[in-house]
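From first to last, the protein sequence lines stand for chains A and B.
Start counting the first sequence at 2; every next residue gets the next number (the working numbering).
Start counting the second sequence at 1080; every next residue gets the next number (the working numbering).
These are computed hints drawn from the structure, not numbers from a lab.
The model shown is predicted, which means the values in this text are computed figures rather than measured ones.
We put the beta carbon where it would ideally sit given N, CA and C, even for glycine.
Only part of the chain B face toward chain A is listed, based on derived beta-carbon distances under 7 Å:
| # | residue |
| --- | --- |
| 1 | 1121 |
| 2 | 1122 |
| 3 | 1125 |
| 4 | 1180 |
| 5 | 1183 |
| 6 | 1184 |
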Amino acid sequence: DAGVTQSPTHLIKTRGQQVTLRCSPKSGHDTVSWYQQALGQGPQFIFQYYEEEERQRGNFPDRFSGHQFPNYSSELNVNALLLGDSALYLCASSLTGERSPLHFGNGTRLTVT
Amino acid sequence: AQSVTQLDSQVPVFEEAPVELRCNYSSSVSVYLFWYVQYPNQGLQLLLKYLSGSTLVESINGFEAEFNKSQTSFHLRKPSVHISDTAEYFCAVILSGGYNKLIFGAGTRLAVHP
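Here chain B stands alone, though its shape is the one from the complex (with noise of 0.2 Å):
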């Protein structure tokens, strides 16, 4: 069965530190990985995404993830964090041939303190 493993529930860190946020899965077909990131009271918002080509994969707000085939893996970072990233973040999946029905990981609680 396909499935979504985000390894720490919670990570708190100081301000202007680096995190990762660290996310595997499980596949017998080739997938399409995503994070989302959720603040309180909102819906998901796509943070970014990995579709085919190069493996590591930047956002707008200094993210970025690298795709590791061998070691299913789908890891989050930023190098220095602010307090306004405070908020639950989700690696999700699309199985390829599956429309895109995402497979959500349990979520990790990225809580920034100054």
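Extracted from the complex, chain A is given alone in its bound form (with noise of 0.2 Å):
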């Protein structure tokens, strides 16, 4: 039984760009959470999403944004790439309920340079 599987594991971009990160979640769970984890920091939320809507979002400008498919998989979009976006970005999946334990992929590290 596959966990969460994130692609790609690295990406480095150049400021003002864009990327997309992709997300599927554990089997069986039907909401996925992303996190933000900067270098020495824990990691911080940035949204979820449920039903393929965006359920609870973080304090994260509207250039993150994203999506949740048929299928429960997610994607992560950040536009207009600062420097400071530079990060580990953490996949989270789990059932709904405020009581069900979070199972992470192991990430993506973006560099924005």
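Using the hints, put the two chains back together into the complex; each one sits in its own frame.
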């Protein structure tokens, strides 16, 4: 049973460009959350998707957007990249419900130059 | 505002020694509490969780944590560490009524030396 898979594992982009990160949830999970982990810091919540809609959003600008597909997979899009967007982006899947534990993927390392 | 504070950014310890990683939280509502571990170049793995019931929770690899509501703490302990426990440890909370959005602390780097 595959866990949460993310692609690509590493990515290098230039300031001003746009990027799309992808996530496939653990089998049976219907909720996908995205987190940004800057170097030396704890992960910060970006947003959560359930039933193809953004259900909750953290304190991130509109440059960060996402999508969830009917098969529960998800994409994170970041427009107009800034140097400060360099981070590890983590996808987590779960069942819906506040007590459901999150299962994390290994992340996508984004470097903006 | 809700927050999670991990009081030590780094904890060096010798192999087979005991260790405690400290975590305090602030919240005006009930919380669920978690410890996650992150090995180099990997994602986060759930180590243990407190949802309700007994305030002492244990993991399969010898870690334990105790929820102390009066002190708003959820410290992680292990009586004897191994080299393989070297990793980053994150304390996190989910607010009751707030879906399962995790709020993380800044992490504690546990370095086990031979």
